[in-house]
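Can you build the whole structure from these sequences, using the hints too?
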Amino acid sequence: MAKKLNAKTTKAAKTLRKRPLATPTDLAAAATRDISAVLNQVLADVFALYLKTKNFHWHVSGPHFRDYHLLLDEQGDQLFAMTDPIAERIRKIGGTTLRSIGHIARTQRIADNDADYVQPLDMLAELREDNKTLAATLREAHNVTDEHR
1 MAKKLNAKTT KAAKTLRKRP LATPTDLAAA ATRDISAVLN QVLADVFALY LKTKNFHWHV
61 SGPHFRDYHL LLDEQGDQLF AMTDPIAERI RKIGGTTLRS IGHIARTQRI ADNDADYVQP
121 LDMLAELRED NKTLAATLRE AHNVTDEHR
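For the sequence shown, UniProt numbering gives the first residue as 1, with consecutive numbering after it.
These are computed hints drawn from the structure, not numbers from a lab. Ideal placement from N, C-alpha and C gives every residue a C-beta, glycine not left out. Possibly wrong hints are sitting among the right ones.
[As the list claims (entries may be wrong)] What follows is a set of in silico ranges between Cβ atoms, one per label pair, in the way DEER data are often shown: (1) 143 x 121: 28 to 36 Å; (2) 149 x 23: 16 to 24 Å; (3) 129 x 96: 28 to 36 Å; (4) 128 x 63: 18 to 26 Å; (5) 25 x 143: 16 to 24 Å; (6) 61 x 146: 43 to 51 Å; (7) 143 x 117: 35 to 43 Å; (8) 30 x 122: 37 to 45 Å; (9) 91 x 146: 32 to 40 Å; (10) 102 x 25: 43 to 51 Å; (11) 63 x 30: 19 to 27 Å.
Structure representation (structure tokens):
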């Protein structure tokens, strides 16, 4: 029995050396692939929305500056707080996460806003629509995970 266990342990160690990011999971390979893909989509959209929210936070002006500035800062903090749990969940199920700003840019569905100036109410309207897009992506992720129950 001990010899069999050692052979099994040795085989697992060799496999791990060949695939250092391999994570033990009870999910089928298709489930890991599909769920990781949709969670990376969520992660890319969260990062894109975070940066847009911070951009607007840094560039908001006008009579409601303080209120909007604080609101956008709080929303940015909440978005950023989502990133680590999402990425860690991807790794826990055996997937790999986004690796760079370029990877985010190729994956995100939320459009960037590089305008020199945006009216504060337009900022809020755009962020409202982007949050709706993120909510739709989260619902999509939920549906994909349900398919692999």
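Consistency of the hints with the structure:
no.	hint	result
1	143 x 121: 28 to 36 Å	34 Å, holds
2	149 x 23: 16 to 24 Å	20 Å, holds
3	129 x 96: 28 to 36 Å	30 Å, holds
4	128 x 63: 18 to 26 Å	20 Å, holds
5	25 x 143: 16 to 24 Å	20 Å, holds
6	61 x 146: 43 to 51 Å	44 Å, holds
7	143 x 117: 35 to 43 Å	39 Å, holds
8	30 x 122: 37 to 45 Å	42 Å, holds
9	91 x 146: 32 to 40 Å	21 Å, violated
10	102 x 25: 43 to 51 Å	27 Å, violated
11	63 x 30: 19 to 27 Å	54 Å, violated
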